[in-house]
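Residue numbers (numbering that gives the first Met the number 0), protein chains in the order written: chain H, 0 to 297; chain P, 0 to 487; chain D, 0 to 339.
Rather than coming from a laboratory, the hints here were simulated on the basis of the structure. No residue lacks a Cβ here, since even glycine has one placed at the ideal position from N, Cα and C. Relax, there's no trap hidden among the hints.
Part of the chain D face toward chain P, derived, beta carbon under 10 angstroms:
{"hint": "1", "residue": "Leu4"}
{"hint": "2", "residue": "Glu90"}
{"hint": "3", "residue": "Ser94"}
{"hint": "4", "residue": "Glu97"}
{"hint": "5", "residue": "Phe325"}
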Amino acid sequence: MRLDIRYTTRFRYGAPVAESQNELRACPATDPHQWLVHYHVTTTPSSRVTSYTDYWGTRVDTFGIRAPHDVLEVVAEATVETGPRPDAPSSVPMQALRDQAFMDRHLEYLQPSAHVEWGPSVGSAAQACADAGDVIDVVYAVHHHVAGFEYRTGQTYVGVGVDEVESQRAGVCQDFAHLAVAMYRELGIPARYVSGYLFTVDDATGADSELDEVEVETHAWVEVAIPGWGWLALDPTNSQNVGERHVTIGRGRDYDDVSPFRGVFSGPREHELEVTVAMRRLAVEPLGERLAAEQSQQ
Amino acid sequence: MGDLFDDYDREGFFDEVFADPGVRTHYQGVVERLRRLSPTDLERRERIRDGIFRSAGITFTVYGEDAGIERTFPMDLLPRIIPAQEWEVVERGVAQRVTALNRFLEDLYVGEQAAIHDGVVPRWLIHTAEGFRREAFGIPVPHGARCLVSGVDLVRDHEGTYRVLEDNLRNPSGISYVLENRAAMTRVLPVAFAEQHVQPVDHYGPMLLRALREVAPPAAGEHPVAVVLTPGVYNSAYFEHAFLARQMGVELVEGRDLVVDEHVVHMRTTRGLQRVDVIYRRIDDDFLDPVVFRPDSTLGVPGLLSAARAGNVTIVNAVGNGVADDKAVYAFVPDLIRFYLGEEPILPNVDTYLLWEDEQREHVLDRLDELVVKPVAESGGYGMLIGPAASGEEIEVFRDRVRADPRGYIAQEVVALSRHPTLIDGRVEGRHIDLRPFAIAGESVEVLPGGLTRVALRRGSLVVNSSQGGGSKDTWVLEDDADGTGGR
Amino acid sequence: MLARLAENLFWAGRYVERAEDTTRMVDVTYHTLLEASPDVAAQTWEQLLEVLHLRGAYGPDPVDVATVLRFLVLDPGNPGSITACIARARENVRSVRELVSSELWEAINDLHLALGSRDLGEELDDQPFSLFRSIRRDCMTIYGVASETNPRDEGFRFMALGRLLERAEMTCRLIDVRYGQLEALAGPSQRLLGAHAGPPGLARAGQGADRADFHHWITVLKSASAFEAYRRRYRASMDPADVVEFLLLEPDLPRSVLFCLTGAMRQLEALSAGRASRATRLLGRTTASLQYRDVSDLFDEDLHTFLDGVQDQVAEVAETVADEFFRHHPSGMMHAIATG
Numbered sequence: 000m001r002l003d004i005r006y007t008t009r010f011r012y013g014a015p016v017a018e019s020q021n022e023l024r025a026c027p028a029t030d031p032h033q034w035l036v037h038y039h040v041t042t043t044p045s046s047r048v049t050s051y052t053d054y055w056g057t058r059v060d061t062f063g064i065r066a067p068h069d070v071l072e073v074v075a076e077a078t079v080e081t082g083p084r085p086d087a088p089s090s091v092p093m094q095a096l097r098d099q100a101f102m103d104r105h106l107e108y109l110q111p112s113a114h115v116e117w118g119p120s121v122g123s124a125a126q127a128c129a130d131a132g133d134v135i136d137v138v139y140a141v142h143h144h145v146a147g148f149e150y151r152t153g154q155t156y157v158g159v160g161v162d163e164v165e166s167q168r169a170g171v172c173q174d175f176a177h178l179a180v181a182m183y184r185e186l187g188i189p190a191r192y193v194s195g196y197l198f199t200v201d202d203a204t205g206a207d208s209e210l211d212e213v214e215v216e217t218h219a220w221v222e223v224a225i226p227g228w229g230w231l232a233l234d235p236t237n238s239q240n241v242g243e244r245h246v247t248i249g250r251g252r253d254y255d256d257v258s259p260f261r262g263v264f265s266g267p268r269e270h271e272l273e274v275t276v277a278m279r280r281l282a283v284e285p286l287g288e289r290l291a292a293e294q295s296q297q
Numbered sequence: 000m001g002d003l004f005d006d007y008d009r010e011g012f013f014d015e016v017f018a019d020p021g022v023r024t025h026y027q028g029v030v031e032r033l034r035r036l037s038p039t040d041l042e043r044r045e046r047i048r049d050g051i052f053r054s055a056g057i058t059f060t061v062y063g064e065d066a067g068i069e070r071t072f073p074m075d076l077l078p079r080i081i082p083a084q085e086w087e088v089v090e091r092g093v094a095q096r097v098t099a100l101n102r103f104l105e106d107l108y109v110g111e112q113a114a115i116h117d118g119v120v121p122r123w124l125i126h127t128a129e130g131f132r133r134e135a136f137g138i139p140v141p142h143g144a145r146c147l148v149s150g151v152d153l154v155r156d157h158e159g160t161y162r163v164l165e166d167n168l169r170n171p172s173g174i175s176y177v178l179e180n181r182a183a184m185t186r187v188l189p190v191a192f193a194e195q196h197v198q199p200v201d202h203y204g205p206m207l208l209r210a211l212r213e214v215a216p217p218a219a220g221e222h223p224v225a226v227v228l229t230p231g232v233y234n235s236a237y238f239e240h241a242f243l244a245r246q247m248g249v250e251l252v253e254g255r256d257l258v259v260d261e262h263v264v265h266m267r268t269t270r271g272l273q274r275v276d277v278i279y280r281r282i283d284d285d286f287l288d289p290v291v292f293r294p295d296s297t298l299g300v301p302g303l304l305s306a307a308r309a310g311n312v313t314i315v316n317a318v319g320n321g322v323a324d325d326k327a328v329y330a331f332v333p334d335l336i337r338f339y340l341g342e343e344p345i346l347p348n349v350d351t352y353l354l355w356e357d358e359q360r361e362h363v364l365d366r367l368d369e370l371v372v373k374p375v376a377e378s379g380g381y382g383m384l385i386g387p388a389a390s391g392e393e394i395e396v397f398r399d400r401v402r403a404d405p406r407g408y409i410a411q412e413v414v415a416l417s418r419h420p421t422l423i424d425g426r427v428e429g430r431h432i433d434l435r436p437f438a439i440a441g442e443s444v445e446v447l448p449g450g451l452t453r454v455a456l457r458r459g460s461l462v463v464n465s466s467q468g469g470g471s472k473d474t475w476v477l478e479d480d481a482d483g484t485g486g487r
Numbered sequence: 000m001l002a003r004l005a006e007n008l009f010w011a012g013r014y015v016e017r018a019e020d021t022t023r024m025v026d027v028t029y030h031t032l033l034e035a036s037p038d039v040a041a042q043t044w045e046q047l048l049e050v051l052h053l054r055g056a057y058g059p060d061p062v063d064v065a066t067v068l069r070f071l072v073l074d075p076g077n078p079g080s081i082t083a084c085i086a087r088a089r090e091n092v093r094s095v096r097e098l099v100s101s102e103l104w105e106a107i108n109d110l111h112l113a114l115g116s117r118d119l120g121e122e123l124d125d126q127p128f129s130l131f132r133s134i135r136r137d138c139m140t141i142y143g144v145a146s147e148t149n150p151r152d153e154g155f156r157f158m159a160l161g162r163l164l165e166r167a168e169m170t171c172r173l174i175d176v177r178y179g180q181l182e183a184l185a186g187p188s189q190r191l192l193g194a195h196a197g198p199p200g201l202a203r204a205g206q207g208a209d210r211a212d213f214h215h216w217i218t219v220l221k222s223a224s225a226f227e228a229y230r231r232r233y234r235a236s237m238d239p240a241d242v243v244e245f246l247l248l249e250p251d252l253p254r255s256v257l258f259c260l261t262g263a264m265r266q267l268e269a270l271s272a273g274r275a276s277r278a279t280r281l282l283g284r285t286t287a288s289l290q291y292r293d294v295s296d297l298f299d300e301d302l303h304t305f306l307d308g309v310q311d312q313v314a315e316v317a318e319t320v321a322d323e324f325f326r327h328h329p330s331g332m333m334h335a336i337a338t339g
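This is chain H alone, in the form it adopts within the complex (with noise of 0.2 angstroms):
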């Protein structure tokens, strides 16, 4: 699937400020089941953006602006071309999972992190999944364990914790996702969190649109390491799997190492902030065709 995407920062200072310096996350990345065709940052008031790849592989945009403004908007523009995901392998033993090396790689995402940092609560929650048979069944009986949970936005922030969401059994797609990262982790399933866009005309949901066009909040999900076969990217909030309408902007141990944007202003405090994200699917015949298409020709 080709998507064009349009994500959008825009904060209203109260009285104009005189630096901010900031670090954006907002590029789809490359993988095995996504292809970057275009990208492109510009900000108003205009600035010069330099890119790097950040430890966890996502590519970031920095830059600062040093005269004084009311508003600063950012706009990340970015085509990309998802394609389908393998299934999951049928069935994997649980033990598999304390293989040594398997544990050494994937030691970071075993661990608490700073918005990964569970009680007793979500451990039992957590335990009470754990008999549910192999590797795979554990995944999915903690995956429609969070799954269950109410959409609710306004109720909760950015730190909220994993605690808090389990017992309020509610949460938007950043709480369902730490969520589960922490229950899987407690269950010594090395989990990570996924910061990206989906295209789907109801968050709640995540379900697809009959228009090809729609307007929605960046996204999160996790995925999970399953030994012997790779990382399963499962969608806690909408209970499906990642497919063709996920984009994935990078990975990390939590929200912090993956938040989209960031940085410091100087001047009043006050502002208000608007994230907007429009999607538009074009239609393209998938790349593979396309691929074999323009090499027929030549």
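Following the hints, put chains P and D in place on chain H, whose structure we already have.
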């Protein structure tokens, strides 16, 4: 008539000055001189010394003390002397260590991580080290000089063997005492000093400045601008920051004096912005750049890491060196030397037990009253257990701590640190000492002759840290052709 | 040099001067009110607080001599108190110790420590004159040391500039206090006699002062260290207009407003060497408008308003200096943002 050293008792320790037949050769000249001083002479010289230090305002701050936050770091009148051949080994050993650690850190942050892939250091150990900074990945440092300044702590054991205790690769302090001690000694004991042909230390400022310029980014051009970045006047080492800026003739700046514009660092001057190429920062990693690290930090410079990553400024010491200061990672440094340099370590470590290994941990827990236990991420002598001096209660506290967090501690055999005669209330008594040589690694590694000798002033104490009631000694490394007797 | 350090030196100069001039004003006010009625005294102190822009900070406490003296001399909660000014001067110099002579640091530090260790409350009750005298002398020692131990570099010039601008403002205030006192002494009934005539003590240029005022004007001149110079110039005549003109416009009197402004101009020109500077233009305009002012006219107008105007212009110069040299790359509190 008796003299200063008549009642001196080595009490079974390795003594820097006295050996079995008598005074070691390289101390003979100085001991001879001191013997001729009357108690009144000594008192007068101590007064001169006190005056020099007071007027220079040489102070440091002890955290956690409420009264009078500034203290002086008292210098003992009896210098520590190291003969040239002995120093040559220390110098090579320190340079070797710093070279290997630079290779390791460079490989870790911008390289292949060969030491991890080849199993020299466990991956998990690196990933759980408090000083490991993922944010530093990919930030280049010219010549790989990540530890441009290091202050490797050495001790001598009961046989007089120099061993490495800590590497101090982040912001080692104390160099100002080295230079001020020397300046004071040449005034307090000028004749004794002049006789000994001591290697000079006063070129440290130019030496540091040259190295800072060597690591300037290529974009800097012919005359790179270096600055010293301090957290401010309330920092415990502010005196040293100001001292270093003065020694090098560069600006002493605070974070608010710097500004990043289009990924280039500038300082705010009365005539506008001036480009800065190299920052010798004396601010911890976590406070350097609020965009990347602690967002509430006001000490740092927003956008600094982005500028460094773009190759427009060099941060000295590099971000993330703390990973190698982890005391458990320290245990692997001899292996890192073998791995990266293909050499045997010249200076051995102190024997260290890794407590996540069941066997070592149980062994340690059985012998807590004989060992030293240290938290892996602390420096400055804070938070450690000295078994032989600890109460049963303290030992039990550490037993619980080690059990709860075996990765968080290491244990070491107690080193019977060498002792040195020291003036205590007009008498000479033996006190334990260590040595912190300062190495500067720009294009190549250079070690300042001598370094800071710290003295545990309390009788029997093994803790020499300034924060724990330590003093210091001027440290004399003799010229090649000098034998310490005063002749040539 | 670093803008922050330049600003520190500028303010060190201002704060020492402010401490000294506040001492001078408190001294002269105290002196002239020794025999005044409590009402008149209260009104005069009230006016002094106004002139120093400290009336708000003073709060609801009764305005009596003991309370006001403590407030102006040793109250750490009053940013304008003499001890607070010295403390702030010291803080500013502390952060630029590398840039000034050790003697200068010691002089400021010594004064700060001495004020901290003395029982100033008791001295105020006991020997206010000798306390004021010693503070004045210590402040002047600081300038002397600064001037005799520092090269005439950028840092020195910023300190001198701060001091001169502060003094220009404070001399205006010193005259203003005196003017206010005369209003108070005149009382409401007499003030009705002529809306524009000013208080009787200032009466008209050329009319001379009456006997009671004679003594008070001497005190004002003394408080500006100008009495001997005035007497040499005007002999025994004590005309209020002459006194005001002397304190405002005498080009060779170190505390006259004109002297301060021309001195500040010299520093500013050296500092902006060759650069276009709005601060220099503003200061030039202020100086020129003062120079060509006929002081006798001032008594037909409102002297108080005029003095306020001069102070405003000097404040604008200082603000412009800050913009041009210290804050040309503004910065403020940093706030963190992290968003989805």
